[in-house]
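A.B. asks: Kindly generate the complete structure, drawing on both the sequences and the hints.
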Amino acid sequence: MSVVATFEIEYLQYLDTEGRLIREDLPAFARDIRQLVDIYKLMTYLRVFDGKAVALQRTGKLGTYASCLGHEAAHVAIGSAMQEDDSLAVSYREYGAQFFRGVRARDVLMYWGGDERGSDFAGPAHDFPWCVPIATQCLHAAGSALAFKLRKEPRVAVCTVGDGGSSKADFNSAINVAGAMQLPLVAVIVNNQWAISVPRSAQTGAKTLAQKGIAAGLDCIQVDGNDLIAMRAALDHAIKRARHGHGGTVIEAVTYRLSDHTTADDARRYRPDAEVKEAWEREPLKRIRAYLSSLNAWSDEEEAAWKAQCGDLVDAEVNAYLETKSQPVEAMFDYTYAELPPDLAAQRAEAIAREHGG
Amino acid sequence: MAQITLIEAVTQALAWEMKHDSSVLVLGEDVGVNGGVFRATQGLLQQFGEGRVLDTPLDETTIAGLTVGLAAQGMKPVAEAQFEGFIYAMLEQIICHAARLRNRTRGRMSVPAVFRAPWGGGIRAPEHHSEANEALFTNVPGLRVVLPSSPARAYGLLLAAIRDPDPVIFFEPKRIYRQYKEEVPDDGEALPLDVCFVLRDGTDVTLVTWGAQVKETLEAAEALAADGISAEVIDVATLKPLDFDTIAESVAKTGRCVIVHEAPRTAGFGAEIAARLAEHSMYDLLAPVERVTGYDTHIPLFRLEMKYLPGVDKIVAAAKRTLAAG
Numbered sequence: 000m001s002v003v004a005t006f007e008i009e010y011l012q013y014l015d016t017e018g019r020l021i022r023e024d025l026p027a028f029a030r031d032i033r034q035l036v037d038i039y040k041l042m043t044y045l046r047v048f049d050g051k052a053v054a055l056q057r058t059g060k061l062g063t064y065a066s067c068l069g070h071e072a073a074h075v076a077i078g079s080a081m082q083e084d085d086s087l088a089v090s091y092r093e094y095g096a097q098f099f100r101g102v103r104a105r106d107v108l109m110y111w112g113g114d115e116r117g118s119d120f121a122g123p124a125h126d127f128p129w130c131v132p133i134a135t136q137c138l139h140a141a142g143s144a145l146a147f148k149l150r151k152e153p154r155v156a157v158c159t160v161g162d163g164g165s166s167k168a169d170f171n172s173a174i175n176v177a178g179a180m181q182l183p184l185v186a187v188i189v190n191n192q193w194a195i196s197v198p199r200s201a202q203t204g205a206k207t208l209a210q211k212g213i214a215a216g217l218d219c220i221q222v223d224g225n226d227l228i229a230m231r232a233a234l235d236h237a238i239k240r241a242r243h244g245h246g247g248t249v250i251e252a253v254t255y256r257l258s259d260h261t262t263a264d265d266a267r268r269y270r271p272d273a274e275v276k277e278a279w280e281r282e283p284l285k286r287i288r289a290y291l292s293s294l295n296a297w298s299d300e301e302e303a304a305w306k307a308q309c310g311d312l313v314d315a316e317v318n319a320y321l322e323t324k325s326q327p328v329e330a331m332f333d334y335t336y337a338e339l340p341p342d343l344a345a346q347r348a349e350a351i352a353r354e355h356g357g
Numbered sequence: 000m001a002q003i004t005l006i007e008a009v010t011q012a013l014a015w016e017m018k019h020d021s022s023v024l025v026l027g028e029d030v031g032v033n034g035g036v037f038r039a040t041q042g043l044l045q046q047f048g049e050g051r052v053l054d055t056p057l058d059e060t061t062i063a064g065l066t067v068g069l070a071a072q073g074m075k076p077v078a079e080a081q082f083e084g085f086i087y088a089m090l091e092q093i094i095c096h097a098a099r100l101r102n103r104t105r106g107r108m109s110v111p112a113v114f115r116a117p118w119g120g121g122i123r124a125p126e127h128h129s130e131a132n133e134a135l136f137t138n139v140p141g142l143r144v145v146l147p148s149s150p151a152r153a154y155g156l157l158l159a160a161i162r163d164p165d166p167v168i169f170f171e172p173k174r175i176y177r178q179y180k181e182e183v184p185d186d187g188e189a190l191p192l193d194v195c196f197v198l199r200d201g202t203d204v205t206l207v208t209w210g211a212q213v214k215e216t217l218e219a220a221e222a223l224a225a226d227g228i229s230a231e232v233i234d235v236a237t238l239k240p241l242d243f244d245t246i247a248e249s250v251a252k253t254g255r256c257v258i259v260h261e262a263p264r265t266a267g268f269g270a271e272i273a274a275r276l277a278e279h280s281m282y283d284l285l286a287p288v289e290r291v292t293g294y295d296t297h298i299p300l301f302r303l304e305m306k307y308l309p310g311v312d313k314i315v316a317a318a319k320r321t322l323a324a325g
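Residue numbers (numbering that gives the first Met the number 0), protein chains in the order written: chain P, 0 to 357; chain D, 0 to 325.
Treat the hints with care, since some could be wrong.
Said to hold, decoys possible - Listed below are several chain D residues computed to face chain P (Cβ distance under 8 Å; list not exhaustive):
hint: 1; residue: Asp58
hint: 2; residue: Thr61
hint: 3; residue: Thr66
hint: 4; residue: Met74
hint: 5; residue: His96
Read the hints as simulated data drawn from the structure, not as lab findings. Computed from a predicted structure; not experimentally measured. The C-beta atom is built at its ideal place from N, Cα and C for all residues, glycine as well.
C.D. replies: Shown next, in the form of structure tokens:
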């Protein structure tokens with residue numbers, strides 16, 4: 000018997016939970032402290048926004064909302080590592096990645112507030128909307144990557160998927176075809192340990208989720224998803240490889256969903272408080288803040304001032320959302336086809352007539 | 000001018016549009032070197048190269064999902080499901096995304112794609128190769144559903160389908176892929192995607208059908224004529240959106256209607272046409288609407304499949320019942 004192939008999965012981490020650097024080879028981007036501070040500031044904004052969105056749902060001003068609490072480093076790293084021309088295909092809680100690309104908090108609120116205009120967001124027109132059918136967005140990214148490759152454009156398609164989503168055909172199809180066709184695809188599995196109530200251990204017998212990329216012929220790496228520097232380093236490497244035609248990568252970002260799955264969920268039903276409490280020790284904001292403080296790049300005063308400013312910024316977004324009037328009834332018809340077929344035009348007229356008591 | 004079959008008309012339309020629009024590409028299983036299992040993409044790889052004719056991994060989910068992504072980024076993909084019975088793995092991508100992306104994004108993104116598949120029974124094929132599942136798609140907002148029944152209509156409707164800015168399900172009746180040839184000018188002229196075609200004028204009864212059953216329906220009309228009954232034959236061709244006006248006008252003239260389709264009867268697309276006749280043409284009708292369809296069973300394996308499919312005798316009998324009724 001002979002060995003025909005061997006594989007290993009590397010784990011990448013730069014900062015420990017106290018924000019201490021545990022590697023010497025600090026990546027170039029992390030030496031730009033001003034940029035690191037900017038990214039951290041967006042993580043803080045994200046957390047303030049997230050809390051506000053949950054509160055809006057609790058007070059009946061928002062529909063079901065999927066919180067991103069605990070995912071901030073992974074999400075923001077994705078957005079910050081991409082170029083505008085690249086295409087992003089997310090599931091439904093990666094607001095941090097999207098904010099970096101120009102999506103506004105009011106867009107997120109519009110979507111969860113029951114208005115399709117949220118997905119006509121202020122981000123790049125070639126970014127995909129929030130995608131509820133699990134993992135299906137991964138193939139949209141693969142298709143985008145194929146379009147870029149066929150047109151010889153130096154663009155990269157990035158998709159995100161959860162640990163649960165990594166069980167689904169569409170994710171496995173996407174990474175498989177990316178390997179087969181050498182597509183510029185970066186697939187980030189945001190492993191937050193829970194697919195609603197089902198733990199990561201119930202999704203697969205595989206030791207890591209990253210290794211699913213091995214079978215597809217992609218590069219793979221497992222990263223501390225709460226470590227901003229590690230996440231960004233892994234993404235920079237994967238995106239650069241993809242952009243230069245060297246193929247795709249699967250990044251498993253190991254993190255933890257500190258919130259319920261959505262506001263319609265109660266995670267206390269299925270996971271112990273102790274686990275969540277322990278996960279808070281590893282949460283992503285604390286450690287990058289500690290790191291920045293250790294470099295004297297961020298002070299408690301700055302923290303307090305920025306948090307207050309985030310509150311004002313988010314309030315302005317919330318107000319913009321709350322002040323946006325509903326679409327007229329005919330809006331449900333107007334984007335079904337490029338041109339409305341006659342029978343649908345008749346139904347549209349009927350709906351308008353009903354609005355006017357007809 | 001060359002006489003060509005329906006399958007050759009499909010190839011001719013693909014080649015025309017690929018030649019004139021560099022964003023059009025073909026993807027599927029065996030569409031490359033092999034030219035498709037029915038040869039629909041024969042010669043396209045040689046003519047247009049690997050960047051335009053893509054053999055995918057053997058996974059319909061991949062084909063459909065790539066198609067959505069490609070189309071959203073400005074390409075015009077023509078995806079092939081090797082058989083209509085394999086299209087089910089594509090449904091989530093077609094229904095949740097291809098059909099819906101324009102609506103979900105308020106028109107920011109769209110999916111100008113065609114999903115082609117050989118369709119229907121009667122070729123002694125293996126299991127899962129003979130289905131008539133068009134009604135699954137006619138219930139989906141955002142899709143167009145097209146079923147040509149002649150070489151000329153296959154050519155013109157496929158061109159229209161590729162040019163359409165929305166996703167089109169394009170089912171090709173494989174039983175008549177090579178049944179006969181006709182002259183189809185390769186002139187890039189598309190046919191309208193929103194009209195029924197009146198194939199035969201008549202005054203006594205309207206026979207409405209689509210796909211391969213057009214053949215049997217025309218033969219039935221011939222048989223009825225021999226008995227002095229004048230049947231009008233309508234090929235619906237585009238099921239969604241439905242050109243009901245053409246059907247209603249015909250029924251206003253004849254007062255009788257027989258709907259013929261291969262698919263199972265319950266909630267088959269004939270039910271939609273019958274419902275619309277009940278809504279809009281009740282007072283034109285002299286007799287109850289008849290449906291000649293497949294049974295509400297799975298299409299049997301091929302020893303029995305011809306007993307499942309509607310045939311000339313069943314169509315003739317149904318037409319005569321409408322005449323006897325009023």
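A.B. asks: A separate judgement is required for each hint: does it hold in the structure or not?
C.D. replies: Here is how each hint holds up against the structure:
{"no.": "1", "hint": "Asp58", "in the structure": "holds, 5 Å"}
{"no.": "2", "hint": "Thr61", "in the structure": "holds, 4 Å"}
{"no.": "3", "hint": "Thr66", "in the structure": "holds, 7 Å"}
{"no.": "4", "hint": "Met74", "in the structure": "holds, 5 Å"}
{"no.": "5", "hint": "His96", "in the structure": "holds, 6 Å"}
Of the numbered hints listed earlier, not one is contradicted by the structure.
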